Amino acid sequence: MALIDIENLEVTFDGGDRQVRALKGVSLTVEEEDSFGIVGESGSGKSTVLRALCGLAPVTAGRISIDGKPVPAPRDQAFYRRVQMVFQDPYASLHPRHTIDRVLSEPLAIHGFDHAEKRVEQALEDVGLGSGFRFRYPHQLSGGQRQRVAIARALILEPKIILLDEPTSALDASIQAEVLNLLDRLRADRGLTYVLVSHDLAVVSHMCDRLVVMQSGEVVEELTREALQAHKTSEDYTRNLLTASAGFTRDTARRR
Amino acid sequence: MNPLLSVENLRIAFPSRQGPVEVVRGVSFSLGRERLGIVGESGSGKSQTGRAILGLTPVTGTATADRLEFDGIDLRNASASQWRKLRGARMSMVMQDPKFSLNPVMTIGKQLMEAVKLHGGKSEARDKSLAMLEAVQIRDPERVMAAYPHELSGGMGQRAMIAMMLVTEPDLLIADEPTSALDVTVQIEVLRILDRLVTERGMGLIFISHDLRLVSTFCDRVLVMYAGKVVEELDARRMNEASHPYTRGLLNCLPTITGDIRPLPVLVRDDAWLK
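Here the protein sequences line up with chains A and B, keeping their order.
Position 30 of the first sequence, counted from 1, bears residue number 30 in this note's numbering, the numbering being contiguous throughout.
Position 255 of the second sequence, counted from 1, bears residue number 255 in this note's numbering, the numbering being contiguous throughout.
Don't read these hints as lab results, they were simulated from the structure.
Please read these numbers as outputs of a predicted model, since none were measured by experiment.
Among the hints, a few may not be true.
Unchecked claim - When the alpha-carbon atoms are kept at most 25 Å apart in a straight line, the in silico SDA-like pairs for lysine to any residue are as follows:
(1) A:Lys232 <-> B:Asp183
(2) B:Lys275 <-> A:Ala202
(3) A:Lys232 <-> B:Gly72
(4) B:Lys229 <-> B:Glu177
(5) A:Lys24 <-> B:Glu151
(6) A:Lys69 <-> A:Gln88
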């Protein structure tokens, strides 16, 4: 049985006189210890899938179940013990006036974990920062270091599922490699399940075994990594994405 | 033929508590009517280099150079009125994020026409603006003219920005990460527009980006910057022959769709590169 099962998920944002249907019936399943990717352009609804899973977007129809059980609404503490999220922008997702220690201890206090001190130090160690970073503020860290803190915050509750919303798009290429390696290692060590959202096909292809391509609130195509690497796709949209990811070519310029 | 722009030993320093910090340390290059890419990570000084050419170094910083010449005009001691004649009319700059660089309370049309009017051509301002929006592949220019920046998508906003910078037909365009905030598919479209302008109008383009792979497919020549210095200058087509370990590291650490190397090779920095 699939770990995450999403069926006909619909999300509608109500803007008074205008309603935006961000997701128009999305279905997908993620197996345990799998790494699952969602690609698409901005506005395709890829991040909304993650936010709906977490209870951060207004679900208007459809079902989400984890381990065969429908998720409660609003999500309860037990849910967040199992599912944690890492956000896109490490400059915006950490409280500027809280030390790293406070950022990491807060979830522990909420969920009543013991040995908070030891856990904080261990979490920093796990993401390769070391306890020297414990009493610093976010502005004293670089973007890559901040994203490591965000990953540590997600991992500190020992969840099974991590939702990653463009975890490296705000980072430099060299730092991106470090963070991707870290995520890869943590998944292998702890048997985590990832759902990774990105607009970068190369990142998704590197990280994920299976992926879906989304366009304007719908799943266009589901692919395995092998199919993506072999350019075996049946949809024009996916093919366009693949061509665009290869970089600029004078030939495509002439063809238009 | 004289180059369009020549820069020799450009240095930019900012004061700090520990004394002045040099963020650009002796950059030299010359530009003809071609596409020059400047690549580096955040903090490598690539954007400051671009800004200094337009005299837009922040007031706290100081930019010095042995030579900074645009089409025979010495830019180092240019007066305010000289700058006014150059900026916008003969050289202009496209910034990274359309959300922050367009005026949020003015319609696109008004902002575009302002640029045209400032540099002469009051009567045909509207026609020129419409034509320029069409030139950057905006399908419904009338609607976009009347729209406010928040009513446009990122890609449209960036195209409107490019239209604004090009409506005066400058000789030199500095594009600072013009496509980083855009989707891959839109990114290619914007590049196509820039590419056409360079080939058709003979414009000089400085393309500043952190994306080495993209730059290598788009530009003619690439300068790789590290910690305020140009560590390597390359023919874009010969990217694979890069010899500096930093350039090699940058190329290698990118994941590829077809490659399956894990863990990804990580860039190991060498203090010797700083010298």
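Verification of the supplied hints:
1. A:Lys232 <-> B:Asp183: Holds: Lys232 (chain A) and Asp183 (chain B) sit about 22 Å apart, inside 25 Å.
2. B:Lys275 <-> A:Ala202: It is violated: about 34 Å lies between the C-alpha atoms, which goes past 25 Å.
3. A:Lys232 <-> B:Gly72: Answer violated: Lys232 (chain A) to Gly72 (chain B) is near 54 Å, above 25 Å.
4. B:Lys229 <-> B:Glu177: With Cα atoms ~19 Å apart, Lys229 (chain B) and Glu177 (chain B) stay inside 25 Å; holds.
5. A:Lys24 <-> B:Glu151: 23 Å, holds
6. A:Lys69 <-> A:Gln88: Violated - the C-alpha atoms of Gln88 (chain A) and Lys69 (chain A) are around 28 Å apart, more than 25 Å.
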